[in-house]
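Take a look at the letters that make up each chain.
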Amino acid sequence: MNFVSRKIVRMFNVAVWTYLPPCKEMVQTASDSLDRKLSFRERVVFKLHLMACEPCVRYLEQSKLIRKAIEEMEAEQIANSEKPTLSEESRERIKQLLKSSMGLFALFSIF
Amino acid sequence: MMHSEAVSFPFTKPDMQAEATTVSHETAARTAVDPAAWVDEHGDYLFRYAVVRLRDEAVAEDVVQETLLSAIQSLRSYSGKATERTWLTSILKHKIVDHFRKSVREVPIGEEETDMSDLDVLFHREDQWQNHWANAFAPTDWNMSPEASLERSEFYMVLGMCMSKMPERVAGVFALREMDGLDSTEICELLSLSASNFWVIMHRARMLLRRCIELNWFKKIQ
Numbered sequence: 001m002n003f004v005s006r007k008i009v010r011m012f013n014v015a016v017w018t019y020l021p022p023c024k025e026m027v028q029t030a031s032d033s034l035d036r037k038l039s040f041r042e043r044v045v046f047k048l049h050l051m052a053c054e055p056c057v058r059y060l061e062q063s064k065l066i067r068k069a070i071e072e073m074e075a076e077q078i079a080n081s082e083k084p085t086l087s088e089e090s091r092e093r094i095k096q097l098l099k100s101s102m103g104l105f106a107l108f109s110i111f
Numbered sequence: 001m002m003h004s005e006a007v008s009f010p011f012t013k014p015d016m017q018a019e020a021t022t023v024s025h026e027t028a029a030r031t032a033v034d035p036a037a038w039v040d041e042h043g044d045y046l047f048r049y050a051v052v053r054l055r056d057e058a059v060a061e062d063v064v065q066e067t068l069l070s071a072i073q074s075l076r077s078y079s080g081k082a083t084e085r086t087w088l089t090s091i092l093k094h095k096i097v098d099h100f101r102k103s104v105r106e107v108p109i110g111e112e113e114t115d116m117s118d119l120d121v122l123f124h125r126e127d128q129w130q131n132h133w134a135n136a137f138a139p140t141d142w143n144m145s146p147e148a149s150l151e152r153s154e155f156y157m158v159l160g161m162c163m164s165k166m167p168e169r170v171a172g173v174f175a176l177r178e179m180d181g182l183d184s185t186e187i188c189e190l191l192s193l194s195a196s197n198f199w200v201i202m203h204r205a206r207m208l209l210r211r212c213i214e215l216n217w218f219k220k221i222q
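Here the protein sequences come in this chain order: A and B.
FYI, in our numbering the residues of the first sequence are 1 to 111.
FYI, in our numbering the residues of the second sequence are 1 to 222.
Note that these hints are calculated values from the structure, not bench results.
Here the structure is a predicted model, which means the values were calculated and not measured.
Note that beta-carbon positions come from the ideal geometry of N, C-alpha and C, so glycine has one too.
Careful, some of the hints might be misleading.
[As the list claims (entries may be wrong)] To spell it out: a stretch of chain A is covered by chain B in this simulated footprint if at least three of its residues, at any positions, have a beta carbon under 8 Å from a beta carbon of chain B; those stretches are:
1. 2-10
2. 19-30
3. 42-51
4. 68-76
[As the list claims (entries may be wrong)] Each computed SDA-like pair below joins lysine to any residue, with the alpha-carbon atoms no more than 20 Å apart:
5. A:Lys95 with B:Thr114
6. A:Lys99 with B:Asp44
7. A:Lys99 with B:Glu66
8. A:Lys95 with B:Arg169
9. B:Lys93 with B:Ser74
10. A:Lys95 with B:Glu66
11. A:Lys47 with B:Asp120
12. A:Lys24 with B:Ser77
13. A:Lys47 with B:Glu66
14. A:Lys24 with B:Asn197
15. A:Lys64 with B:Arg55
16. A:Lys95 with B:Ala71
17. A:Lys95 with B:Asp44
18. A:Lys95 with B:Phe123
19. A:Lys83 with B:Ile72
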């Protein structure tokens with residue numbers, strides 16, 4: 001029985017690999033699926049391919065993981081890390097610039 | 001500047017908005033604004049953000065300066081609802097997008113960025129499954145445990161390194177999407193990019209990034 005079901009799975013996989021677009025095209029679809037809604041046809045083909053292709057499943061999962069990691073990195077890493085920092089000179093320069101343009105701005109808003 | 005001495009800091013909003021009747025006075029009165037303090041409180045944060053996005057410390061510094069200057073000019077529109085940092089970050093994001101748009105206007109994104117032929121090797125097979133993943137390059141199981149925080153911060157490091165190794169303009173488009181959260185229509189309009197080129201560039205970025213992470217992190221810990 002087990003042998004028979006394995007045989008059926010194998011036949012399904014071979015059919016998908018043979019008659020549907022190859023991985024090279026499916027990874028483009030995987031990327032697209034993260035940025036837009038796939039058409040019905042694209043969705044069906046993609047789902048069938050994923051049923052038969054472990055590497056493409058991983059590819060999709062890892063692409064999602066990267067997206068999530070970038071989001072977290074933005075919040076965590078940038079807020080909590082120590083480096084890089086503005087140099088003391090640039091800090092002072094920007095402050096001076098802000099003060100003078102603030103003064104200028106205040107002057108203009110009086111008139 | 002002659003007049004800077006005459007102005008005392010912190011500068012309060014009501015003075016500037018004496019004539020602006022639309023702003024409620026209770027909220028305005030509570031908000032004392034000191035732009036020089038922005039530099040100490042948020043300067044490094046904005047700078048790091050800009051460095052990640054622009055990958056050049058000198059350019060990042062200019063953009064931070066520009067951000068703070070234009071913040072002064074738009075103080076009137078700051079409602080005080082968002083935190084100061086969120087407000088400044090949103091201005092910074094605009095400045096970064098502006099910067100990127102200018103650089104793309106100089107040399108439009110074209111064939112170099114959309115050429116996928118360097119990735120052909122990943123799908124090169126000798127058997128009948130040509131154009132399926134080559135065995136040596138098929139994505140491996142990353143076996144990631146997201147709870148481990150040490151692992152996570154190391155992952156961020158590799159991710160950051162890999163993002164900085166991507167071709168600059170590919171990384172730029174990718175970041176507009178993934179970091180600034182613009183959608184495809186906005187990005188295509190901003191960079192005068194065709195939709196099909198946009199999909200290819202995003203795909204290319206993900207392929208390069210994933211491959212780089214796999215090589216530099218997951219292979220290392222095995």
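Structure versus earlier hints, numbers of those that do not hold, lowest first: 1, 3, 5, 8, 11, 12, 13, 15, 18, 19
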